[in-house]
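S.K.: So the sequences go chain by chain: A and B.
Count the first sequence with this note's numbering and you get residues 229 to 614, in order.
Count the second sequence with this note's numbering and you get residues 147 to 496, in order.
Don't read these hints as lab results, they were simulated from the structure.
Any given hint could turn out to be false.
Derived coverage of chain B by chain A (criterion: at least 3 residues anywhere in the stretch with Cβ under 8 Å from a Cβ of chain A; other residues may be distant) [what the hints assert, rightly or not]:
#1 244 to 253
#2 291 to 302
#3 366 to 374
#4 379 to 385
#5 416 to 429
Every residue gets a Cβ at the ideal spot worked out from N, C-alpha and C, and that includes glycine.
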Amino acid sequence: MDLNYTPEQEAFRKEARAWLEANVPKEKLPSFDTKEGFEAHREWEKKLHAGGFAMVPWPVEYGGRGANLLEWLIFEEEYYRAGAPGRVNQNGIFLLGPTIMEVGTPEQKARFLPKMASSEEVWAQGWSEPNAGSDMAAIQATAVRDGDHYICNGQKTWASRGSYADWLFGMFRTDPESERHRGLTFILVPLDAKGVTVRPIDQLDGEAGFAEVFLDDVRVPVENQLGETNKGWSVAMATAGFERGLMLRSPARFQETARRLIALYRENQQGADPALRDVVVRCWADAEAYALETYRTVSRLLGGAKIGPEASLNKIFWSELDLRMHETALQILEERAELLPEAPAARGVGSWLDGYLFALSGPIYAGTNEIQRNIIAERILGLPRA
Amino acid sequence: MQFDFSEDQRLLQSTVRDFLAGECGPDVVRSLWESETGRSRALWSQLAEVGLVGALVAESHEGMGLAEVDFVLLCEEVGRAGLAEPVIETAAVAAPLLTELGDAELSARWLKPLARGEAIVAVGHPVDAFVGDAHVADLLLIGLGDELHALGPSEVALEPQPTNDPARRIQRVTFSPGDTSRVAGGGRARTLLAAALDRGALAAAAQLIGVADRLIELAVAYAKQREQFGVPIGSFQAVKHQLADAKVKLEYARPLVYRAAWSVAHGLAQRGVHVSMAKLAAGEAAARASRTALQVHGAIGYTWEQDLHIWMRRAGSLAAVWGSPRFHRERMAEFALADGAPLGAGRSFR
Chain A
229 MDLNYTPEQE AFRKEARAWL EANVPKEKLP SFDTKEGFEA HREWEKKLHA
279 GGFAMVPWPV EYGGRGANLL EWLIFEEEYY RAGAPGRVNQ NGIFLLGPTI
329 MEVGTPEQKA RFLPKMASSE EVWAQGWSEP NAGSDMAAIQ ATAVRDGDHY
379 ICNGQKTWAS RGSYADWLFG MFRTDPESER HRGLTFILVP LDAKGVTVRP
429 IDQLDGEAGF AEVFLDDVRV PVENQLGETN KGWSVAMATA GFERGLMLRS
479 PARFQETARR LIALYRENQQ GADPALRDVV VRCWADAEAY ALETYRTVSR
529 LLGGAKIGPE ASLNKIFWSE LDLRMHETAL QILEERAELL PEAPAARGVG
579 SWLDGYLFAL SGPIYAGTNE IQRNIIAERI LGLPRA
Chain B
147 MQFDFSEDQR LLQSTVRDFL AGECGPDVVR SLWESETGRS RALWSQLAEV
197 GLVGALVAES HEGMGLAEVD FVLLCEEVGR AGLAEPVIET AAVAAPLLTE
247 LGDAELSARW LKPLARGEAI VAVGHPVDAF VGDAHVADLL LIGLGDELHA
297 LGPSEVALEP QPTNDPARRI QRVTFSPGDT SRVAGGGRAR TLLAAALDRG
347 ALAAAAQLIG VADRLIELAV AYAKQREQFG VPIGSFQAVK HQLADAKVKL
397 EYARPLVYRA AWSVAHGLAQ RGVHVSMAKL AAGEAAARAS RTALQVHGAI
447 GYTWEQDLHI WMRRAGSLAA VWGSPRFHRE RMAEFALADG APLGAGRSFR
């Protein structure tokens with residue numbers, strides 16, 4: 229154990245901080261779930277890429293920086309500290325990318341990773357179907373081999389970033405005789421292919437953050453198959469592991485929320501409910517615990533371990549913490565909690581209410597917390613399946 | 147930056163775990179409940195032989211010469227075994243306190259016997275009203291205001307305080323402070339006592355991790371074996387989800403405890419708040435595990451015969467000592483709400 233950064237790591241932090249200070253847009257970009265915002269975020273990603281910071285832990289040949297996961301964590305800390313824009317290509321760079329790195333062929337790595345790192349190609353995820361949500365093994369979309377192509381049919385839904393993205397990853401049933409998680413294959417589908425129809429869905433916040441994707445005899449070259457035929461489930465589990473266990477929600481995000489929460493509490497301390505003090509402080513401590521546990525995970529991964537079912541512990545912890553922080557902020561704000569920032573009496577109300585509504589979706593996306601609890605119980609604690 | 151234990155550290159932990167599983171099962175714990183002192187010198191010698199007692203004593207005094215980062219894993223095992231022997235007082239607090247006192251005579255007189263398991267040293271800290279294991283102590287180190295006193299058993303009066311944990315033996319200690327008993331005063335005593343508190347709270351937090359882990363393990367084992375409606379109760383989601391939540395609590399208290407061990411071992415300026423974060427989280431994790439383990443067991447868990455209450459009681463008693471939850475919450479609030487507090491991303495280790 230050595231809880232000191234090396235001089236090289238400190239130097240990297242400094243370099244990242246300086247670059248971000250010089251380059252992070254002064255004005256907040258419009259939401260990436262609008263057409264205009266999506267392209268603005270893609271431009272930002274290109275700038276990050278040109279600066280060498282788009283994918284810190286990837287090899288240089290794939291558009292990364294050739295650093296390791298620790299430097300990635302450091303970068304994330306600086307990124308959130310700088311208040312830099314959200315990552316429009318998170319489905320690609322944080323979920324699919326690491327999976328391609330792990331199971332992709334050399335050709336697939338060369339084909340997909342550089343354009344993912346530069347966000348020339350932005351990815352949507354195609355986990356869910358109308359009848360396959362938490363029960364992901366109930367997937368009905370099919371892919372039938374026809375020479376050197378698959379003919380894909382079916383419907384994916386709740387595809388985050390699907391409205392404007394270029395590509396979609398998902399699982400398709402390639403063995404028509406198969407049931408459940410057997411007989412599925414992980415396939416990468418270009419959203420501009422003939423037969424693809426994308427129907428944006430307005431989210432609760434009014435923006436088209438996700439979409440339905442209909443596939444009608446879509447021809448996809450077989451080289452877009454990731455991993456083995458009929459073994460898509462294990463590829464998906466690897467992707468979900470990165471999503472839940474490490475990359476989708478790096479601790480810096482919650483440490484910054486905790487910092488803002490403490491600032492909000494201090495601004496409103498006069499006459500505040502005294503019971504809130506300990507709740508606020510505890511939120512900060514929990515965000516720290518999450519950061520520490522992430523450093524432990526990264527240390528283990530650098531020592532050769534792989535992400536396993538403990539990713540599910542992670543997902544429950546951060547999603548519940550995020551919700552608790554936003555709930556607490558609303559309690560501090562009392563009657564101002566419902567005000568929009570432009571309301572005359574808003575006085576630094578910020579966007580806590582919007583944040584709260586989004587935090588409510590945390591226990592749902594990336595696999596519901598109920599499913600995570602099943603995974604913990606069955607795969608970590610060893611309890612019997614129902 | 148590397149936040150993980152070495153193979154050697156894990157090996158030592160598993161050695162101690164195996165030893166305690168073999169020699170200090172629930173039957174041993176229970177047999178000591180019945181005895182007058184609640185303690186066994188023979189058991190203490192055995193603990194010394196595996197290195198638990200002299201872990202933090204220098205090798206020159208026949209100790210193991212380990213640091214808190216190594217010792218924290220052993221404390222976890224003490225909690226897992228449900229041992230109430232004065233490992234916190236003697237091994238975690240007194241050994242480094244005697245060393246830091248730097249009194250050649252006291253060190254020469256006590257460190258070797260301590261490491262060999264021949265001497266038990268009790269420590270009374272002003273943060274707690276009572277002193278654990280004062281009744282079997284050969285030496286008592288007692289903080290009183292801004293002073294630290296070293297006393298023999300004949301120099302103190304003890305008033306036993308029965309507790310609801312039959313393994314815990316705590317006393318109110320009174321004595322007449324004087325020049326002969328005082329070994330440090332003023333700023334020096336404050337520094338020593340602050341370090342003692344952090345070490346005691348850290349060791350208690352680590353034991354609480356072991357307690358929580360054991361409680362979850364017992365509940366899982368029971369849920370796999372107990373059948374209702376024709377199936378093991380552990381196959382029901384209502385049972386699974388409770389246990390999963392207890393596991394989440396535990397696994398996010400753990401890194402706080404390990405980081406606190408590092409901070410104490412290296413005397414970092416923020417070690418006090420790191421220890422408080424660890425102690426509070428570990429106490430809550432053990433409380434959650436305790437409640438969940440009982441719920442999963444149902445009525446059988448609420449019997450004297452079932453061993454569950456060994457750890458349920460310990461979860462409560464350890465959370466209350468070496469700083470109450472309130473004490474640790476205050477310390478955390480003081481830190482996090484201060485002007486210029488190091489909050490936000492990238493400040494955890496800097």
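S.K.: Now tell me if each hint is right for this structure.
M.R.: A quick look at each hint next to the structure:
no.	hint	verdict
1	244 to 253	violated (count 0)
2	291 to 302	violated (count 0)
3	366 to 374	holds (count 3)
4	379 to 385	holds (count 5)
5	416 to 429	holds (count 3)
Hints 1, 2 from the earlier list are contradicted by this structure; the remaining hints agree with it.
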